[in-house]
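Note that the protein sequences, when read in sequence, are chains A and B.
Following this note's numbering, the numbering of the first sequence begins with 1 at its first residue and continues without gaps.
Following this note's numbering, the numbering of the second sequence begins with 1001 at its first residue and continues without gaps.
In short, the hints are calculated from the structure, not lab data.
The C-beta atom is built at its ideal place from N, Cα and C for all residues, glycine as well.
The reader is advised that the hints may include incorrect statements.
[As the list claims (entries may be wrong)] Partial chain A-side listing against chain B, Cβ under 10 Å, derived: (1) Arg12; (2) Ile24; (3) Ala142; (4) Cys271; (5) Pro272.
[As the list claims (entries may be wrong)] The calculated label-pair distances, taken between Cβ atoms and stated as ranges, are: (6) A:Lys287 <-> B:Ala1111: 37 to 47 Å; (7) A:Phe382 <-> B:Leu1137: 26 to 36 Å; (8) A:Asp182 <-> B:Pro1140: 51 to 61 Å; (9) A:Ser163 <-> B:Pro1140: 12 to 22 Å; (10) B:Ala1130 <-> A:Arg253: 55 to 65 Å; (11) B:Ala1111 <-> A:Lys279: 18 to 28 Å; (12) B:Lys1035 <-> A:Ser163: 50 to 60 Å; (13) B:Glu1044 <-> A:Ala370: 15 to 25 Å; (14) A:Glu236 <-> B:Arg1022: 32 to 42 Å.
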Amino acid sequence: MGKTLTEKILGRKAGKDVQAGEVITVSPDTILSHDNSAAIIQEFRKLGVKKVRAPEKIVIVLDHIVPASDEKYAQNHKSIREFVAEQGIPHFFDINAGICHQVLPEQGFALPGKVIVGSDSHTPSYGALGAFATGIGRTETACTWATDEIWLRVPETMRIDLSGRFRAGVFAKDLSLKLIGDHGAEMANYKAVEFAGPAAGDLSVGARLTLANMSAEMGAKTGYFVPDEKTLKWLEGRARGPFVVALSDPDARFESILAYDLGALEPQVACPHTVDNVKPIGAVAGKPVNQVLIGTCTNGRLEDLEAAAAIFKGRKVHSGVRVLVIPASWEVYREALKSGALAVLVDAGCVILNSGCGPCLGAHEGIMAAGEICLSTSNRNFRGRMGHRDSEIYLASPATAAATAVAGKIADPREFA
Amino acid sequence: MSQGKVWKYGDNVNTDVIFPGRYTYQIMPPEETAKHALEDLDPEFAGSVRSGDVIVAGKNFGCGSSREQAAACLKGAGVQAVVARSFARIYFRNAINLGLAVLQCDEAVDALEKGDAVELDFAKGEIRSAKGAFRFLPLPDFVIGILEAGGLLEYTKKKLAKE
Ligand code: SF4
């Protein structure tokens, strides 16, 4: 019987034939952590070893609270910088880089066939480029620093076959929300999700990153696209070394298969307080908002800022709304400066913030008061995530976010074409 | 290899009923968490569970939040393994990393009932009872090592000390 991409990557790493359900131990290619490295360092110290096993595999990106917003975060950043120097960790990105899930692909760590583990739940993002990538806990990260080994259960795979083309005003984010709305937040619990079918190849790398990122909200262990020409082209000049492409065999075993026609989709909104509380735009349009967030590891890429700029061009942010824009990385920031998208956003009245997570996790830069409502392009709308527990978060695409910012209430981007 | 008796539950036993949310932000040692194990599902459990007992349940055991206490409290109560049709992803990792065996075996779930005496053989990958022997995917040696050491941190410590 054939093998899935995941079985192949993990089998190669384990040095034997593996199948879904098996537990194996592998030496990962990359171990990611971010501001939580401060907590991981404390666990690492308990292990009684002086040195990390493979410093070149460790990638640390400061992104959650950058620059530090208070003394506690400043101390965390300081202890991480000291640890990086002490251990000779070569891949450290300080506060002027961006969100880890954008930085790792751009900097050529997220490559086809690689095994990437990260102490962040949206680590599956790197599946967009054909890697096996999954989130792990802090204790495990510390142990992996010490041993260069981690155990993994080889996941079963769910395939989602995509056909057709998005109509104007509809994006990868809408597809991800539709999937989660239709099948629930546990639809892919513990599984790998393969995005396949004739339309998968049409999707940009940015759109693939959005879908792989959102696979975490399906409960998936990892979500991926089989690498193709588009993947390889995007990696030119970025890849940090050689890689071996793994593909799923035609007779691979998939636990289940879903089919979606992109042409049948309309803009979607996830309503408070769960990501699977999804409604079509028409059902929520008109709801007034106080804040709009355009950015995060889900939707802060150049094409996202440009989709928003296309709507903001010649228009102004509604007087009752605060709009926060966060380019996902400094590379995106520079490209958006060059393309003119940022100028359009600033002219419209948006506030541009330093690349990072911003208010996504509720730590700084746009925390909401009781009763306030935010429409955000991020991936989670749990109660209290962005501030007071009586504030509300709606999730949508950057185009829907821009339309909402202009209208002052949740609005259909197709009316702003 | 050790013996115990079966506690049987259904599908989707979530982390809230395994370890209630009202205690998650109180810091307690494992013996203390054990007193609240399964409190909202089976009030009889915490008082009567014996060291070596086995929980047998349906699919998606441990779904819900990522709280580690949901694995720690069962281990603290002396449970040697949870046998289920499937586990929620985070629960599965937490359990092994905290030293609680999590085994998948549909046949055992079909056959075993509350109170049955069972014996687990990790090396052979078998659950034995008067109703027959059922095979689960054998755990690799290092997972058995993690379980025997009492969790990943201890296991890693020992492993590093040996090198
Ligand atoms: S942007 Fe939000 S979801 Fe993404 S890594 Fe940062 S905090 Fe997590």
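Contradicted hints - numbers only: Checked against the structure, the hints that fail are numbers 1, 4, 5, 6, 8, 9, 10, 11, 13 and 14, while the rest are satisfied.
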